[in-house]
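*Asks:* Spelled out from the first residue to the last, the chains are:
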Amino acid sequence: MRVSSKVKELLKEHGWPAREVYFDLENSNWVPREVVEAILPFFNERGYGHPSVTHKPGWEALEEVYLTKELVAKTIGAADLDEISFTHSGTEANNLAILGFIAKKDNRRRGGKIVVSAVEHLSVIFPAEYASQLFGLKMQRVPVDEYGFVDPELFKYYVDRDTLLVSIQLVNHEVGSIQKLKELVDVAKSANPNVVFHTDAADAYSWIPIDVERLHVDMMTISSHKIHGPRGVGALYVRNEVLLEPPLKGQLSVEKLWPGVENVPLIAGFRKAIEISFKGFEHRVSYVKALRDKLMNGIVSGIPEVLVNGPLNKGRVANNVNVSFLRIEGEALTVELSLHGIYVSSGSACSSRILEPSHVLLAIGRKREEAHGSILFKLSQYHRESDVDYALETIPKAVERLRAISSWKSC
Amino acid sequence: MSTRIPLPYGPKVLEIFRNPKNIGRMDDATVIESAGSPACGDMIRLYIKVRSEGDRDVVEKSSFESYGCAANIAAASILTELVNGRSLEEAWRISWKQISDELGGLPPIKYHCSILAVGALKRAIRAYYLNKDKPHWLPQDLTLEEKQVLEEEEMIERYYGSMKAIVDELK
Ligand SMILES: Cc1ncc(COP(=O)(O)O)c(C=O)c1O
Chain A
0 MRVSSKVKEL
10 LKEHGWPARE
20 VYFDLENSNW
30 VPREVVEAIL
40 PFFNERGYGH
50 PSVTHKPGWE
60 ALEEVYLTKE
70 LVAKTIGAAD
80 LDEISFTHSG
90 TEANNLAILG
100 FIAKKDNRRR
110 GGKIVVSAVE
120 HLSVIFPAEY
130 ASQLFGLKMQ
140 RVPVDEYGFV
150 DPELFKYYVD
160 RDTLLVSIQL
170 VNHEVGSIQK
180 LKELVDVAKS
190 ANPNVVFHTD
200 AADAYSWIPI
210 DVERLHVDMM
220 TISSHKIHGP
230 RGVGALYVRN
240 EVLLEPPLKG
250 QLSVEKLWPG
260 VENVPLIAGF
270 RKAIEISFKG
280 FEHRVSYVKA
290 LRDKLMNGIV
300 SGIPEVLVNG
310 PLNKGRVANN
320 VNVSFLRIEG
330 EALTVELSLH
340 GIYVSSGSAC
350 SSRILEPSHV
360 LLAIGRKREE
370 AHGSILFKLS
380 QYHRESDVDY
390 ALETIPKAVE
400 RLRAISSWKS
410 C
Chain B
0 MSTRIPLPYG
10 PKVLEIFRNP
20 KNIGRMDDAT
30 VIESAGSPAC
40 GDMIRLYIKV
50 RSEGDRDVVE
60 KSSFESYGCA
70 ANIAAASILT
80 ELVNGRSLEE
90 AWRISWKQIS
100 DELGGLPPIK
110 YHCSILAVGA
120 LKRAIRAYYL
130 NKDKPHWLPQ
140 DLTLEEKQVL
150 EEEEMIERYY
160 GSMKAIVDEL
170 K
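Chains A and B, in that order, give the protein sequences. One point on numbering: in numbering that gives the first Met the number 0, the residue at position 216 of the first sequence is 215, and numbering is uninterrupted. One point on numbering: in numbering that gives the first Met the number 0, the residue at position 40 of the second sequence is 39, and numbering is uninterrupted.
Pulled out of the complex, with its shape left as it was, chain A reads as follows (with noise of 0.2 Å):
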């Protein structure tokens, strides 16, 4: 049977449920009207042009893609809009970051080295194998504790004399640690002050205040999708003193470190759900954090045999509940769970294309079996109060029927 008929009765037989929640921001998100809205125009009424050529539609584009700029740099601290280029995601913009640095001939040495962290996101330590491996460089990944948070004190043996290049993300996108980062970068820049650090923020973007100048980071990652933007749009601020070697090859537009011409109408987008997130910042965070914290003890107040990944509330971004239910697998309660409307992930090895739990998980320490079955939930400033009770009245229904098949007894 071809794959799309077979999905297609799979999705006949799974029914619509009578309530959804989706709680699956991390891997990707449904985009709110008014972000619709704001994407829509550039697609036929104005600014579809080429951002770089000489007549009104171009023009017009041009300008969304400033405005877009302006906001970006005034939410992250920057000081020029030339530090922001746009990709079209934030997998691009770690693989700029990363490749176009170490591509810069410049930049390296013979024996010189990446430093990353043991749970940053696959599009930052991929791409720093491979540029390791590229130009013959060493690469290194500090371990973190059981909370996921790199210990400065440790991190201080891994930059030296041969440090090229740090890649240390601010939030943790897994179990939200919030990484101490500004004491980070303090460390290396003080054991060598020729090190560039690199942090991806795509998880603290709207969460954390940021500010660059503040961090001293010199580049950062920022994707549109984990703020309820558009999915294909991401966005890497490089201080001007940092030169890249743009790793993809083309025509340039308005961005010189990325080529193609940019994606306007998702930048649009983008720009709006930054709008929305930036108003009333401190008002919404505490609002999710209230929902997360209504979440997170409900789960563990409720259903025996879990434990909590990542920090327990202090150093926790306000979005984050990641629980592993102990004596069932994480891909099944998945199914499950979005059989009754509730839509979650699972950093099993039944998900992984590898057969290999989450590295995050294993990171902090987690046993094989207790990864299996850790379910990620991602709230934001649209989930209501009645979805986390329409959670907790599910969730619990949902591990009993799995346990009770359960091969895995409880001692």
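Don't read these hints as lab results, they were simulated from the structure. Check each hint, because a few of them may be wrong.
Straight-line Cα separation of at most 25 Å, DMTMM-like style, residue types lysine to aspartate or glutamate; simulated pairs [as the list claims (entries may be wrong)]:
#, chain 1, residue 1, chain 2, residue 2
1, A, LYS7, B, GLU14
2, A, LYS179, A, ASP161
3, A, LYS408, B, GLU145
4, A, LYS408, B, ASP100
5, B, LYS96, B, GLU80
6, A, LYS5, B, GLU80
7, A, LYS366, B, GLU152
8, A, LYS5, B, ASP100
9, A, LYS5, A, GLU33
Far from chain A, by Cβ distances over 12 Å, these chain B residues were calculated [claimed, not checked]:
#, residue
10, LYS48
11, GLY53
12, GLU59
13, GLY84
14, GLU89
15, LYS96
16, ASN130
17, GLN139
18, ASP140
19, ILE155
By construction, the Cβ of each residue, glycine as well, lies at the ideal position given by its N, Cα and C atoms.
Got chain A sorted already, so can you dock chain B with the ligand onto it with the hints?
*Replies:* This is chain B with the ligand only, laid out in the frame that chain A set:
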């Protein structure tokens, strides 16, 4: 998360997952065998009650418990349905491919779910004949499914073995 992969399950997997047959432990089972482990991410335990009818040994009933993904649960459920009422000789001939086909064709990355189910069955059949005369159809050598299951279990053992060595060294 880790590198994700699309999983185009057929509707049958979902249908059985929602409503599996023959679940739970069986107190009067003749043989109980497992394959896989929690660390591997999947483990099937099979309970089989065998009745002898002349020179035929027949599965009177079977049931399962499963720790694993949706495909794993569906594979174990289909397997118990297929073996109930069959002779052990017939049951021995069930292949992982047959289980996968019954489920509407598992995605290749999920083949190991049907391999695990059949591996558990073959173990159970061997266990049944452990202290009896071996029937002519029961091969000495391990079959493909049994080898695969062993390999998965051993890989995890080795992994934990080496982890333990590292931890011990640190102490
Ligand atoms: C921390 C982190 N970095 C990078 C990315 C990649 O962004 P994108 O999906 O836009 O490629 C993600 C997306 O999940 C992420 O969570």
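*Asks:* The structure should be examined with respect to each hint, and the outcome stated for every one.
*Replies:* Going down the list of hints, with the structure as the test:
1. Proximity of LYS7 (chain A) to GLU14 (chain B) is assessed by CA-CA distance (about 14 Å); at most 25 Å being required, the pair is judged to hold.
2. Simply put, LYS179 (chain A) and ASP161 (chain A) have alpha-carbon atoms about 23 Å apart, close enough for the 25 Å limit, and the pair holds.
3. A C-alpha spacing of about 23 Å is found between LYS408 (chain A) and GLU145 (chain B), which places the hinted pair at or below 25 Å, so the restraint holds.
4. A threshold of 25 Å between alpha carbons decides the hint, and for LYS408 (chain A) with ASP100 (chain B) the separation of about 30 Å lies outside it, so the pair is violated.
5. A C-alpha spacing of about 16 Å is found between LYS96 (chain B) and GLU80 (chain B), which places the hinted pair at or below 25 Å, so the restraint holds.
6. The hinted pair formed by LYS5 (chain A) and GLU80 (chain B) meets the criterion: a straight-line CA distance of about 23 Å does not exceed 25 Å.
7. Between LYS366 (chain A) and GLU152 (chain B) the CA atoms are separated by roughly 15 Å; this keeps the pair inside 25 Å, and the hint holds.
8. Taking the CA atoms of LYS5 (chain A) and ASP100 (chain B), the gap is about 13 Å. The hint holds against a cut of 25 Å.
9. With a C-alpha separation of about 34 Å, the suggested pair LYS5 (chain A) and GLU33 (chain A) falls outside the 25 Å cut-off, and the hint is violated.
10. For LYS48 (chain B), the condition that its CB be more than 12 Å from all CB atoms of chain A holds, with the nearest at approximately 18 Å.
11. With a least beta-carbon separation of about 33 Å from chain A, GLY53 (chain B) lies farther than 12 Å from that chain, consistent with its non-interface assignment.
12. GLU59 (chain B), annotated as away from the interface, keeps every beta carbon of chain A farther than 12 Å; the closest lies near 21 Å.
13. In this structure GLY84 (chain B) is separated from chain A by more than 12 Å, as the shortest Cβ-Cβ distance comes to about 23 Å.
14. For GLU89 (chain B), the shortest C-beta to C-beta distance to chain A comes to about 25 Å, beyond the 12 Å cut-off, and the non-interface label holds.
15. Once the 12 Å rule is applied to beta carbons, LYS96 (chain B) is consistent with being away from chain A; the minimum gap is 16 Å.
16. With a least beta-carbon separation of about 25 Å from chain A, ASN130 (chain B) lies farther than 12 Å from that chain, consistent with its non-interface assignment.
17. Taking the minimum C-beta to C-beta distance to chain A, about 28 Å, the non-interface status of GLN139 (chain B) holds against the 12 Å cut.
18. Non-interface call for ASP140 (chain B) relative to chain A: holds, since the shortest CB-CB distance, roughly 26 Å, exceeds 12 Å.
19. Separation of ILE155 (chain B) from chain A is inadequate, the least Cβ-Cβ distance of about 7 Å not exceeding the 12 Å criterion.
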